[in-house]
Amino acid sequence: MDKSLDVILEALPVLLDGALVTIQLTAAATFFGAIGGTALGIARLSKIGMLRLLSRIYIDFFRGTPLLVQLLIIYFGIPALVQSLGISFSMDRGIAAVLGLSLNASAYLAEIVRAGIQSIEAGQKEASESLGLSPTQTMRYVVFPQALRRMIPPLGNEFIILLKDTSLVTIIGYEELLNQGRLIVARNFRGFEIYITVALIYLLLTIVASQVFSLLERKMNPTS
Numbered sequence: 001m002d003k004s005l006d007v008i009l010e011a012l013p014v015l016l017d018g019a020l021v022t023i024q025l026t027a028a029a030t031f032f033g034a035i036g037g038t039a040l041g042i043a044r045l046s047k048i049g050m051l052r053l054l055s056r057i058y059i060d061f062f063r064g065t066p067l068l069v070q071l072l073i074i075y076f077g078i079p080a081l082v083q084s085l086g087i088s089f090s091m092d093r094g095i096a097a098v099l100g101l102s103l104n105a106s107a108y109l110a111e112i113v114r115a116g117i118q119s120i121e122a123g124q125k126e127a128s129e130s131l132g133l134s135p136t137q138t139m140r141y142v143v144f145p146q147a148l149r150r151m152i153p154p155l156g157n158e159f160i161i162l163l164k165d166t167s168l169v170t171i172i173g174y175e176e177l178l179n180q181g182r183l184i185v186a187r188n189f190r191g192f193e194i195y196i197t198v199a200l201i202y203l204l205l206t207i208v209a210s211q212v213f214s215l216l217e218r219k220m221n222p223t224s
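Note that my numbering has the sequence shown beginning at 1, numbered continuously upward.
The hints are simulated quantities; they were obtained by calculation from the structure and are not laboratory data.
Every residue gets a Cβ at the ideal spot worked out from N, C-alpha and C, and that includes glycine.
Mixed in with the good hints, there may be bad ones.
As the list claims (entries may be wrong) - Estimated spans, in silico, between C-beta atoms of each pair: (1) E129 - I207: 42 to 48 angstroms; (2) I207 - D92: 30 to 36 angstroms; (3) G64 - I207: 26 to 32 angstroms; (4) F192 - G123: 30 to 36 angstroms; (5) Q211 - I35: 21 to 27 angstroms; (6) R52 - S84: 30 to 36 angstroms; (7) V82 - K3: 15 to 21 angstroms; (8) K164 - F61: 56 to 62 angstroms; (9) L200 - F31: 23 to 29 angstroms; (10) I35 - V69: 19 to 25 angstroms; (11) M50 - Y195: 45 to 51 angstroms; (12) G64 - E129: 45 to 51 angstroms.
Starting from the given sequences, assemble the full structure and let the hints guide the process.
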């Protein structure tokens, strides 16, 4: 038992550094995914048929294919394609990780945004437009603020899923929490202690994230 504790304590600083990278990666992917997801969600509701079609194709592709495969395409596939054209090109691991997670997250966030906007009563949109607000102003000042409050619970769930999905970037060698654990195990062969510690750190991060979004939901609820 003492030996196991020593192994964990020795590895903990490196694992915590990996956890910090995981948090940063999740935050970056959430930020860019939210921008893309909002644009895609609005495009899904557009009156322009081509926008609806393109956004639907994008969403279906990223929701219908494994994130792991998407990461491999971005990190290995795209550089190979570019190099086949005689152009020297390589993909940075960090950029590939953020790009892959962001593109995937935006597809899921798009459906959350679409559902949130559609949950607002049509009468509010009609009333706003009758008062002289343009469709853009109606969306910005009337519909979206209300929709955002209703989106908080599913957004929290998606954030937690994304947090755990960051472990998949270990396949491209990006040194987040899981990959740091794998590197430690490759040196000391103490897989049980290290991977249990990694799992507990992930659990702690998801609990904290869940509590933060629960607090945010209560703060944004006008009836609370």
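Quiz item: For which of the previously enumerated hints does the structure constitute a violation, in increasing order of number?
Solution: 4, 7, 8, 12
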